[in-house]
Amino acid sequence: LDGSEPRLRGLNVFLASSANAFADFRVVYTWRGWLIGWLGRVLTQVLFYGSLGLLVGPGTAAYVTLGSAVSLTALETLQAIQSTTWERGEGTLPLLFSAPTSLWPIFVGRSVEWLLSGLLTSSVALFLVSPLFNVRWTASSVVVAASGLLLCTVSMYLFALSFGALVLLRPQVRNLVANVLYLCLVIICGVTVPIDMWPRWVGVVGDAIPMTHAIEAVRLATGVGIHGGGGVRIGSAVREIVHVGLAGVAWALVARSSFGLLRRLGPKSGAASMVE
Amino acid sequence: LKVLGETRALLGGCRLEAILLARAPGQLTFLISSPLLAVILLSLARLSTSESDTTRAILAPGLIALWGMALGRCGELIIEAKRDATLELLLAAPVNVGRVLVARIAVVTTASLLGFLESALVAKLLFGERVGVAHVGVFVCALGLTVVGTCALAYLLSVLFVFSRSARQYQNSLSYPIYLVSGIAVPLSLLPGWLRPLSWLSYLSWGVNLLVDASGPAPVESASGRLLAMLALVALLSVASALSMRRAVAASRRTGSIGRV
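Protein sequence lines, in the order shown, are assigned to chains A and B.
In terms of the working numbering, the first sequence has 272 at position 272, counting the first letter as 1, and numbering is strictly consecutive.
In terms of the working numbering, the second sequence has 81 at position 81, counting the first letter as 1, and numbering is strictly consecutive.
Each hint should be verified, as a subset may be incorrect.
[To be verified] Stretches of chain A that chain B covers, calculated by requiring three or more beta carbons in the stretch to come under 8 Å of a beta carbon on chain B:
hint: 1; segment: 41 to 50
hint: 2; segment: 173 to 186
[Said to hold, decoys possible] Facing chain B, a subset of chain A residues (Cβ under 7 Å, in silico):
hint: 3; residue: G37
hint: 4; residue: L55
hint: 5; residue: V56
Hint data in this document are derived by calculation from the structure and do not stem from the laboratory.
Glycine included, each C-beta is placed from N, C-alpha and C at the ideal position.
Using the sequences and the hints given, assemble the complete structure.
Pasting the structure below:
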């Protein structure tokens, strides 16, 4: 087998593209900048929402903190929308269109730095910040929550890529789409209040988002309900994690189709033009 | 003639920013986010029984839009000016650089006030909350000082951004820590005691508390004293910003180092 074998070529493209992603990351952040600036900022965001929960009561604070800690997976991976469009800003998109490979492995690797960053920040928030709001962890709940978080980050990355492909056609709305999507996810995935506070259709949409199930899994594993103790239910938490995985597979298919659509629409829309 | 030139520079800054604001949808992100943030905060406040929590939840999206847009724009102004190499031209121009920057930041900050209106509309239409301001005088004074203070701080930060390698890092980091320390979402009494002195120094925390108190029907306790304290902080911040910009501009003209940053 050599690099010309199609599957292996895809893997090589993915690895080269990932190297590019991490090179980008090193330009944006130094280690100190990431630790103090970025990690500090996202942890304060979790504290911000957690303290809002405190206004209602300590149980609600724990509930909201768990939700907002898991929501960091979305906050971070949604940055894939912006970094996907950077290819257009750099003028490299026409070259990628004409390369003898599919766009899929390129763009899956292109923004993979956010996946790693998201996994790190959400883990710190979940396991180190939530105890400040009286969330108690056991070995089994840590294992369940950690696997839920991993699966959620990957799935939300695929979710973000689905939008990134389309935003490439209109790159000037990249920040708008990423920010608005995050706030919509906070509402429809039950980050701060239970989904049943909203009309029924919100719950139906929320069901299709991996993060909804990951948040539920973490709350079941730690026995935290909206007004405090809800009883630890590891079995139900594992079932929710299976839902995260299923939703993730569905979003992988959507993301792949989005890049297929981009391949078809790109040349017509001018996205593949050398002149912006 | 000098006054005429400076006024033209001021108006030119305003005009340029207004045109850019209308053309770049990205800058309006905060105004599209405000109603969504209002939904998030008000749904949580609904679980609480305190009326001042609801008031805070209505005001918070407006304050976040105000601070976020000013901070975001002062960073972008400098990033764009460095990228397009217009910063050197601006520094070489025979007008007060600061006046142009202040004019541009002020336009964005004024536009961001729509965030308060949007949040109030969400509270009234979606949550059926009673929205009103009981002490209009105190509210308007506190809001005015908050706007001026925010412009001054954004201006001070733009001095920092001129000399910084990555303005975006600061922009990203200065959002939630400020919201938390200023009591935008929760009263300062809920925060750890060691954070309080930081809040006393923040014009924003004085502004938030005055705005919340002025909205409710109860008389605002020592309103004039608190407004004076806030005025002093905002004045101090404005003087510090103006002096820093003057020194930074003089230093960069002398050393010619701007293009290399």
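Which numbered hints turn out to be false for this structure? none
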